Amino acid sequence: MVSFEGKNIQKRFEGVVALRDAGMRFEGSKICGLVGANGSGKTTFARVCCGLVKRDSGTILINGEEVNISSPFDANEYGIVLAHQNLSLVQDLTVWENIKLGHERSKNRFFLDNEAARSDAESILNDLVPGEIELDTIVAELSPAHKQMVEIAKALSQKPKLLILDEPTAALEYYHVEQLFKRVLQLKKQDVSIIFISHRLWEITRLCDIVFVFRNGISVGAVDFEKTARDESLIVPMITGEEEHRSFDYGRKPKKSFRGADVSLELSDVSEGVKLRAISLRAGRGEVLGIGGLNGQGQEELIMTIAGAVHIGSGDMRVNGRAERFKHPKDAMKKGVYLVPGDRIVDGLFPTHSVLKNLIFPRLPLRQERFRLNFKRCNSLSDDIIGRVELVPPDRTMPVKNLSGGNQQKVVFGRWLQFSPTILLLNDPAKGIDIQAKNALYALTHELAGQGTTVILYSSSNEELITNCDRVLIMFEGRIVDEFGYDDITEDNLVKSSLRVGETGER
Amino acid sequence: MSDKKNNRRFVATVAALTKKPSFPAFLILILLIIINAAIQPNFFTMRSFRSNFMTFTPLILVAIAQGIIILSGSLDLSLGSAISLFNCFTAFYMTDENGLFIIVVGFVLTVIASGFINGICIGRLRMPALITTFATSAIYLGIAMIILPVAGGYVPRSFYTFYKGTALGAVPNSFSILIAGILIWWIFSRTRAYRYIYAVGSNEDGAFASGISTWRIRLTAHMFASLFIFIAGLCVLMMTATGEYRTGQSYTLNSVAAVVIGGIALTGGRGSIAGAMFGALILGILNNIIFFSGASSYLQIFFKGAIIVLALCIGAIPVLIRSKKRLVGV
Chain A
1 MVSFEGKNIQ KRFEGVVALR DAGMRFEGSK ICGLVGANGS GKTTFARVCC
51 GLVKRDSGTI LINGEEVNIS SPFDANEYGI VLAHQNLSLV QDLTVWENIK
101 LGHERSKNRF FLDNEAARSD AESILNDLVP GEIELDTIVA ELSPAHKQMV
151 EIAKALSQKP KLLILDEPTA ALEYYHVEQL FKRVLQLKKQ DVSIIFISHR
201 LWEITRLCDI VFVFRNGISV GAVDFEKTAR DESLIVPMIT GEEEHRSFDY
251 GRKPKKSFRG ADVSLELSDV SEGVKLRAIS LRAGRGEVLG IGGLNGQGQE
301 ELIMTIAGAV HIGSGDMRVN GRAERFKHPK DAMKKGVYLV PGDRIVDGLF
351 PTHSVLKNLI FPRLPLRQER FRLNFKRCNS LSDDIIGRVE LVPPDRTMPV
401 KNLSGGNQQK VVFGRWLQFS PTILLLNDPA KGIDIQAKNA LYALTHELAG
451 QGTTVILYSS SNEELITNCD RVLIMFEGRI VDEFGYDDIT EDNLVKSSLR
501 VGETGER
Chain B
508 MSDKKNNRRF VATVAALTKK PSFPAFLILI LLIIINAAIQ PNFFTMRSFR
558 SNFMTFTPLI LVAIAQGIII LSGSLDLSLG SAISLFNCFT AFYMTDENGL
608 FIIVVGFVLT VIASGFINGI CIGRLRMPAL ITTFATSAIY LGIAMIILPV
658 AGGYVPRSFY TFYKGTALGA VPNSFSILIA GILIWWIFSR TRAYRYIYAV
708 GSNEDGAFAS GISTWRIRLT AHMFASLFIF IAGLCVLMMT ATGEYRTGQS
758 YTLNSVAAVV IGGIALTGGR GSIAGAMFGA LILGILNNII FFSGASSYLQ
808 IFFKGAIIVL ALCIGAIPVL IRSKKRLVGV
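Chains A and B supply the protein sequences, listed in that same order. So the first sequence is numbered by the numbering used here: it starts at 1 and just counts up by one. So the second sequence is numbered by the numbering used here: it starts at 508 and just counts up by one.
Everything labelled a hint here was simulated from the structure, so no lab data went into it. For clarity, every value in this text was computed on a predicted model and none was experimentally measured. One thing to keep in mind: the hints can contain errors.
[Claimed, not checked] Computed cross-link-like contacts, DSBU-like style, restricted to lysine-lysine with a CA-CA straight-line distance of at most 30 angstroms:
no.	chain 1	residue 1	chain 2	residue 2
1	A	Lys275	A	Lys496
2	B	Lys811	A	Lys107
3	B	Lys526	A	Lys275
4	A	Lys188	A	Lys159
5	A	Lys227	A	Lys182
6	A	Lys107	A	Lys159
7	A	Lys255	A	Lys147
8	A	Lys255	A	Lys330
9	A	Lys401	A	Lys431
10	A	Lys147	B	Lys527
11	A	Lys54	A	Lys159
12	A	Lys255	A	Lys335
13	B	Lys526	A	Lys327
14	A	Lys147	A	Lys161
15	A	Lys188	A	Lys147
16	A	Lys275	A	Lys227
17	A	Lys275	B	Lys527
18	A	Lys147	B	Lys526
[To be verified] Label-pair ranges, simulated between beta-carbon atoms:
no.	chain 1	residue 1	chain 2	residue 2	range
19	B	Ile541	A	Arg318	46 to 56 angstroms
20	A	Glu77	B	Leu637	36 to 46 angstroms
21	B	Tyr667	A	Phe73	49 to 59 angstroms
22	A	Arg377	B	Asp712	32 to 42 angstroms
23	A	Phe73	B	Leu806	34 to 44 angstroms
24	B	Asp712	A	Phe110	46 to 56 angstroms
Where a beta carbon is used, it is the ideal one built from N, C-alpha and C, also for glycine.
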């Protein structure tokens, strides 16, 4: 692609402005980063470029000529293809059917050419993730990382000239990220331009030639790495809109010492199939216990087991010294064990309901309300929570689906604040939320820990583990393989332990 | 050496087959065929084969139609009324001379009523399938009643003798019609549109993002299904040799039942037409069994319900085993 330019693009959804004045411009085949806090319009911009969303105004120029893109079909004509963040895959079709979906070729105008489609899909997949994904697997059975790779393969099979990758790495492990980067660099050599959207700044600084920053639907600037140093401190102020780096300013949780006496959660030899193997751990009152490791090593299963959403296969669990076997999340909630789930839309919220209903809902199964709801009290309770989590906008009648990701997570988090939890389980709480919301959530977490709540925090980000935890356990293939005390929690230690550096692979 | 390899491949293939959503229906079908053969002495004769397929064929055809519609994420409750309408219309207007012409007009009528109107309402206008087809069902039935308020009409002799007859030696014509129907489906199943039906039924947003026009696909599904509804209607006409507005009514829920027994998800996108055909055969053979066991025909409804529950149970067991550990959502 010789050049691409988007100018003054505007888009509003039912009164909410998603893009105010967005645009970007680059020449030649480049890898362009696109960063910004959640709700800054990155995804909307990507969807405008590939015709999924019609822009209200603004122009798109390709090679200096204005083009009219109003459907995915138009975008395809110009070689613009989007690999979606919330996947466009069809769960019930196989991998190869998905890769070719929407651009199948026919043998004689009528019948599909399945052999060609399969071999084509196979060669694309092999360039991306050699030998990992079976062509005939139903997509529903794939891991999130593999689904993401299939989504990217699907985009690649359309032979794009401009490939837009919308947060492709959010679901990927380090190893897959490396593979993706290798492929992206190859594509650049083959004269393909790439727009790469990510929250992880180290990926941006490593991969991109130029970075565009969006804030509140406005392009606030660009950093050309071909002219300046690859330094994320050039980008961060533009994202936050503040001169100082708020990303790092809440600092590390201060050191605290724990004696053996005050244990609130104890697991011994908990096993569940191959996902959890002989897990033993103790966590004290007021402690923030981090769980790290590569994605999918049993961390989520561990969290779900403690929360009562998954049966304990074998082994014992003690909460405040009493043996418990939760049969239902409700049992856990009655003991003060609360979960902030990983997928807030699916497991955490009732998206079409108001903030108020979402906040007071747990009161119902916990029998905190009489048969007839006391709405006066519920209103004041929820206003109180909204104030504590600094919800934007502070409106209890707003349907939760209209909030930004970070504010949705504040609602999930906030509903437990009314109960002063014994144990708070956080399943990757900051996934896909912006820096301000992340800061606010962890500030609240620290506050709760200060009041004696035990926090179990699984995070896929080492930075979050380092800044927030008193102790970190590393999981690998369902086992706890390492434990780091406060002073040993360093990026270096966590990464090496997660990747099992120094092991041969035989176990 | 290669024997072992073949064996292993065979085991793998069988294992894959047992995982198919249509597998429980297949098991029940085998079981019912055995029971039927045990109580009906001449079950495996050409004669009973012919008489069976006279009733099975329309049932299987509507199951295919409903299957395609449900796979696309839609539903058609007007299919029985469309058959009634076809039945009344043709029986009222047919004479010995204009038979074929009336059939062609009836075909166009079915495609417009059952395919186009439903397809446009549900696809383009995004009206909910359940209530839309419930309403159009009443409309079609109403027209049928206006055309032919009391049973009667005329069907030329050549039509119903053809349906009873055999060709190519001993192959019943009703069976040949079914084979022709399956052949049409098989050709369709290898087209782009058919794969898009699965895509739209499974994940409409994903299909749209992949550049598929989702409403056109829903319309295509209804249009294509209406072809099978027409063939089924034709079979019913030739089988009953008379016009009656009640004729088609039982096919609506039977087609849904066949599809559900066959393991197609009512939410769309999952399952196979083969399953729907198994489901239809199950319903047909169940009728046989009840007839030959000498039990009251009222029992038929009871057993139909029981079989549906049974089929759904068998289908649910693997899911239950897989999610035994996870309580959420069970």
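Hints versus structure:
no., hint, in the structure
1, A:Lys275 to A:Lys496, "holds (22 angstroms)"
2, B:Lys811 to A:Lys107, "violated (43 angstroms)"
3, B:Lys526 to A:Lys275, "holds (23 angstroms)"
4, A:Lys188 to A:Lys159, "holds (13 angstroms)"
5, A:Lys227 to A:Lys182, "holds (23 angstroms)"
6, A:Lys107 to A:Lys159, "holds (20 angstroms)"
7, A:Lys255 to A:Lys147, "violated (40 angstroms)"
8, A:Lys255 to A:Lys330, "violated (34 angstroms)"
9, A:Lys401 to A:Lys431, "holds (17 angstroms)"
10, A:Lys147 to B:Lys527, "holds (22 angstroms)"
11, A:Lys54 to A:Lys159, "holds (23 angstroms)"
12, A:Lys255 to A:Lys335, "holds (28 angstroms)"
13, B:Lys526 to A:Lys327, "holds (29 angstroms)"
14, A:Lys147 to A:Lys161, "holds (23 angstroms)"
15, A:Lys188 to A:Lys147, "holds (23 angstroms)"
16, A:Lys275 to A:Lys227, "violated (48 angstroms)"
17, A:Lys275 to B:Lys527, "holds (26 angstroms)"
18, A:Lys147 to B:Lys526, "holds (21 angstroms)"
19, B:Ile541 to A:Arg318: 46 to 56 angstroms, "holds (55 angstroms)"
20, A:Glu77 to B:Leu637: 36 to 46 angstroms, "holds (38 angstroms)"
21, B:Tyr667 to A:Phe73: 49 to 59 angstroms, "holds (50 angstroms)"
22, A:Arg377 to B:Asp712: 32 to 42 angstroms, "holds (39 angstroms)"
23, A:Phe73 to B:Leu806: 34 to 44 angstroms, "violated (55 angstroms)"
24, B:Asp712 to A:Phe110: 46 to 56 angstroms, "violated (28 angstroms)"
Violated hints, in rising order: 2, 7, 8, 16, 23 and 24; the structure is consistent with all others.
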